[in-house]
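Undergrad: Spelled out from the first residue to the last, the chains are:
2 protein chains.
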Amino acid sequence: MRQTFDESTDPSFGPQHVPLIRKAMSDQGLDALLIPHEDEHQNEYLPAANDRLGWATGFTGSAGAAVIFQDKAAIFVDGRYTLQVRDQVDQQTFEIRDLVDGGVPAYLESAARRGQAIGYDPRLHSPDALAHLKIAAAKAGAELRPVTPNPLDQAWGQARPPQPVAPVVAHPLQYAGEESASKRHRVGESLAARGAQAAVLTAPSTIAWLFNVRGGDVIRSPLPLGQAILNADGSARLFLDPQKVTPDLPAWLGNQVRLETPADLPQALAELKGKTVLVDPAQSSAWYFEALSGAGAEVLRGEDPCALPRACKNEVEIQGTRNAHARDGAALTRFLHWLATEGQTNPPDEITAVSKLEAFREATGALKDLSFDTIAGAASNGAIVHYRPTQRLNKRAETGSLLLVDSGAQYLDGTTDVTRTVAIGEPSAEMAERFTLVLKGHLALARVRFPAGTTGSSLDALARMALWAHGLDYDHGTGHGVGSYLGVHEGPQRIAKAPNAVALRPGMILSNEPGYYKEGAYGIRIENLQVVTPPAEIPGGERPMLGFETLTLAPIDRRLVVKALLSDEERAQLDAYHARVREVVGPQLEPAVRAWLDEVTAPL
Amino acid sequence: MRQTFDESTDPSFGPQHVPLIRKAMSDQGLDALLIPHEDEHQNEYLPAANDRLGWATGFTGSAGAAVIFQDKAAIFVDGRYTLQVRDQVDQQTFEIRDLVDGGVPAYLESAARRGQAIGYDPRLHSPDALAHLKIAAAKAGAELRPVTPNPLDQAWGQARPPQPVAPVVAHPLQYAGEESASKRHRVGESLAARGAQAAVLTAPSTIAWLFNVRGGDVIRSPLPLGQAILNADGSARLFLDPQKVTPDLPAWLGNQVRLETPADLPQALAELKGKTVLVDPAQSSAWYFEALSGAGAEVLRGEDPCALPRACKNEVEIQGTRNAHARDGAALTRFLHWLATEGQTNPPDEITAVSKLEAFREATGALKDLSFDTIAGAASNGAIVHYRPTQRLNKRAETGSLLLVDSGAQYLDGTTDVTRTVAIGEPSAEMAERFTLVLKGHLALARVRFPAGTTGSSLDALARMALWAHGLDYDHGTGHGVGSYLGVHEGPQRIAKAPNAVALRPGMILSNEPGYYKEGAYGIRIENLQVVTPPAEIPGGERPMLGFETLTLAPIDRRLVVKALLSDEERAQLDAYHARVREVVGPQLEPAVRAWLDEVTAPL
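Protein sequences, first through last, are from chains R and H.
If you count the first sequence from 1, position 530 lands on 530 in our numbering, and the numbers rise without skipping.
If you count the second sequence from 1, position 278 lands on 278 in our numbering, and the numbers rise without skipping.
Looking at chain R on its own, in the form it has when it is part of the complex (with noise of 0.2 Å):
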């Protein structure tokens, strides 16, 4: 099994670890630490020994932060993480505050008395972070310090497990599509048109795509954690730990590209004297832009330059993706055969569940890994979106309700992502009416065609105005962009309300999965991944028009949908998607699952 169910915290971890981060604090003067969850790379998942937030205070959620004071300690946590926070965390040792009303800052100005000295790690904040948390210190009369080294680690020494140094293998062009040389060289003279003579990469996501690499060293992606310089004219200085370097690693890199250890980049920051060098504040934390500036380069602030030529995919790589979805389609396919039949007469438990999930996949062969902990939630854990079964959280389904499965694999040709809400046993009416609700929100994102310069955020409303009309609502975004075999959460796209600028483009790829949750009864979820398809003609139109190609095919619970609420419109998309799957997935089943198969996804 890849997934394990065990907690890796518990509430014992602020009590037991404050008192060591103090005296490490102490010796080096400060009154107080900042502790955001953010590591070195700015990066979603972290790996353990970076999860320096989790190992002080216990708390594991994706957001958040902490500052701990000798006399008094507070965590801040966002509005999807508040029951979840008092589940992990001692409130003996932690106040639990807001992380986004007023948040570390405003806490910062009101805790902080005259002359303290407040330590933080200025490779842990982005520079606009940090401005805010030295304005909010300025008001108290305290003092922000940079630490080296950060207490914390100092406190955490011998226990901390180490950074990992998972192997940095070639991805080969067959799945990547473009050589690197060719993407520096487009990368390079973007920079070139903006001014820039050169740029600091440092999202091990940008690592990957622009080197044609992948490594291992944050679970569920093959990110290989490290940073580079690329300049205008394409070449690239790359620093990677020497022990993840595969033998083979310099060849494929060729001669245009300078492979380098971490403890080279300061120096070679510091040669970037005299030039304009273009950094992302949102991946790149304060000490880049300090060390740049330091050394007098002219610090040009933008998104990381690789952030859009990455998320439209080439045609070797929709093509990839198409392939990863068919072979994960199959594995979800037998995975819901095994939920309608074994399922419905002896109800799993969500780790049950999760693991048969995994086998499946397991079995096609290709598994690199999953994308992401696979959330099962039966009845009342569906309605918790950020839910993730444990062995102390495990729950049975429950006859007359939902199991709603959210999951992804990594395969070499593509990153999957989807999930699928079964009814166990007998539905009620109300649940059949909401998961309709919800597939109408669905279709209506996967069906859309739009003009150049639509955004994801113009197209949001679409997954959402059946529910609305209805006196609902979900309270997470409808689509996130997905990497090829690499991270399943991508920028820069997003289909959500929050206003976004970026435009789909062709190539991108998103997930489009509205919800309902139903808090202490289930959830529901629908999700596909869709790629935006390129301008094309339209019979009697005028424009040329965008749209999505439904990649993620495994059926969609027909004994969960009114028919009656369904337009004819809607119902021959159904039909037409259930088609599409069992064309590509059913060549690939056993006889009865096939059978079963053909039978779930007959038209309406």
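Accuracy of the hints is not assured; some may be wrong.
Because identical chains cannot be distinguished in the list, a pair is counted as satisfied if it fits within a single copy or across any two copies.
[Stated by the list, open to error] Restricting the straight-line Cα-Cα distance to at most 20 Å, the calculated cross-link-like pairs of lysine to aspartate or glutamate (EDC-like) are: (1) Lys518 to Glu542; (2) Lys518 to Glu537; (3) Lys72 to Asp27.
For the record, the hints were derived by calculation from the structure and aren't laboratory data.
Knowing the structure of chain R, use the given hints to seat chain H on it.
TA: Just chain H now, kept in the frame of chain R:
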């Protein structure tokens, strides 16, 4: 007749007036002069006395700029006006350039020479626009120099129309719904909450709303030109030309409002020394920012603090606008009846149609003004979005084509704005199909329910998705805010593709006006005004949802509706709308017109 069809400028304006301007420039030692479209009040519509760009160039579009050097000159317009500018402006005198792509700053950078003095009138430029111009001039080694008086005004001399001095009168509580004192205290508290002691208010619609007064300085809207300083305690100083002050005005304003003259304004701004003063850089020119900074005030940039409260109409205003629409709907229905009878056998020309419609509105006895010059676009003229009929362009409606009529009225109780597209004779199948697609978008945006926090940008796609699916679209926004016996274009809300962070709030009035335009052939637009309704429970739902109540009441031409293209829900929605039109408008009509209305609003 209120509307006129003569052209107020012609292409000889440039050759006639530019030499006079150059002479006045040279008397002030200037090498060039900047002429923005905006006037001292940063208004959309200008009094004739302030249409400097029109007088200098002949161009009468609603946005643009010109730069006159001694040896060359250029005019800048956006994509909407590329045809019109060629028609109106002498190209021997003015080079035509793009307002958006580079615009005036790029031109200055390349056209100005080292050491040149470029004059600008600081009352006409927003501070942000001016900052860009200053950078551009500096790059060329030239200098921007503020001018007093404006050499263009000197050149215009005696020929310049006088400044408008329409009387400023009370807007009684039966229409305003809230005392000025209450508004001033409410807005004053919002200033205090932001740490400001005062706000400088320069938008005429803000002057009108805050003090419950109306004027007539700007054609087609009851706007009084003036300025005010509002203090956080609700007291205010109001600066109006004494010629505009009607005898009852001081008593109406009360003793918390000091009535002064524009000549007192500079001293009043100087008295704000040491205070934090809110000013809206989109509404107030650089002159205000310079005067306040020069006086030692702390300038806080932010949106006009009256914009949002003004946009959210109170119950009295909403009931007033319902009454205005019922009255206006009867006038429009009489016009549509005329078009459907006489107009079918003997199709009118555009000017005749406009005159007829104005006569029906005039006959209500309540018409204060049109809310804008009526657009009547016959056949191919309907496809020109910014078309206004003139004697020169006037065209007869064609049998077998469409007539688009976009019009509105100012009544004491409300402002209307409505577009109907009518078939003259038998429309083609294509016309009907495309009309139906526009109608589907209009209906979707009329029936949508949405949660608090939703912006107009999020809803825009609903009005386009049916057109998009057929490879069609329209190149304008879908909805603009509308005032209450005020401007027919009002912020801050908007329904458009472009991001807009303003959430729709109860009481906001917006247009819903999708369209389709076939160049050289015909134009289609369907426009109703609708008001945002308060959050309301939906039976069986969980979250209260906002929505829209349609205000405009006039039949939609069913001869253009392809029934088969509408869903059951859409058909029921159109039928229900038509039933409301019959119910509210019918009783106001003469028997023959009422019988016709019953017929054309019968269920599909």
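Undergrad: Now look at each hint and say whether the structure bears it out.
TA: Now for the hints, and whether the structure bears them out:
Taking CA atoms no more than 20 Å apart as the test, Lys518 paired with Glu542 passes between copies only; the shortest distance there is 10 Å, against 44 Å inside one copy. Taking the closest pair of Cα atoms, Lys518 and Glu537 come within 20 Å of each other only across two copies (17 Å); inside a single copy the shortest separation is 42 Å, beyond that limit. For the homomeric pair Lys72 and Asp27, the shortest alpha-carbon distance inside one copy (18 Å) is at most 20 Å, but the shortest distance between copies (72 Å) is not.
The earlier numbered hints are all upheld by this structure, with none contradicted.
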